[in-house]
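Protein chains: 2
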Amino acid sequence: MCESKAYLVKDGVEELIMESVDFLKPQGEEILLRSIFGEQTTIKARLLEMDLTGHRIVLETP
Amino acid sequence: MCESKAYLVKDGVEELIMESVDFLKPQGEEILLRSIFGEQTTIKARLLEMDLTGHRIVLETP
Chain A
20 MCESKAYLVK
30 DGVEELIMES
40 VDFLKPQGEE
50 ILLRSIFGEQ
60 TTIKARLLEM
70 DLTGHRIVLE
80 TP
Chain B
20 MCESKAYLVK
30 DGVEELIMES
40 VDFLKPQGEE
50 ILLRSIFGEQ
60 TTIKARLLEM
70 DLTGHRIVLE
80 TP
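Protein chains in written order, with our numbering: chain A, 20 to 81; chain B, 20 to 81.
Keep in mind the hints are simulated off the structure, nothing from the lab. Computed from a predicted model, the values in this text were never measured in an experiment. Virtual Cβ for every residue (Gly too), placed ideally from N, Cα, C. Misleading hints may appear alongside valid ones.
Stated by the list, open to error - Cut-off 25 Å, straight-line C-alpha distance, at most; resulting in silico cross-link-like pairs (BS3-like, lysine-lysine):
no. : chain 1 : residue 1 : chain 2 : residue 2
1   : B       : Lys44     : A       : Lys24
2   : B       : Lys44     : B       : Lys63
3   : B       : Lys29     : B       : Lys44
4   : A       : Lys29     : A       : Lys44
5   : A       : Lys24     : B       : Lys29
6   : A       : Lys63     : A       : Lys44
7   : B       : Lys63     : B       : Lys29
8   : B       : Lys63     : A       : Lys63
9   : A       : Lys44     : B       : Lys44
10  : A       : Lys63     : B       : Lys44
11  : B       : Lys44     : A       : Lys29
12  : A       : Lys24     : A       : Lys44
13  : A       : Lys44     : B       : Lys63
14  : B       : Lys29     : A       : Lys29
15  : B       : Lys24     : A       : Lys29
16  : B       : Lys24     : B       : Lys63
Claimed, not checked - Pulled from the structure, derived: some chain B residues nowhere near chain A, Cβ distances all over 12 Å:
no. : residue
17  : Tyr26
18  : Leu27
19  : Asp30
20  : Glu33
21  : Leu43
22  : Ile50
23  : Leu51
24  : Glu58
25  : Lys63
26  : Gly73
27  : Ile76
28  : Thr80
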């Protein structure tokens, strides 16, 4: 399985915000995340980096 | 393996720009892509969407 965990960096601390993310789409100032379980959330953040081998998507607050 | 193909949409047409991408990082108006083979490129684009199950990273020109 190729889904990743999504983390949000806030004040220098990484917080896990969603597991098993398989879809991501920036929408204006927000980012839509969707998991393989159909969970969906939109978060005001921008993409910091994505490491598919490490299964990590890292977002940061603007 | 969880790497993805990266495509760039230009004038409505998807062009494959890198295979086996496992790392992506936005850098200002550009996006850094790196493959599992150590190939690396920076492209002036923004992330349109990413589908990990479909192994697709789609970028678009600004």
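Hint check, failures only: 5, 14, 15, 21, 22, 23, 26 and 27
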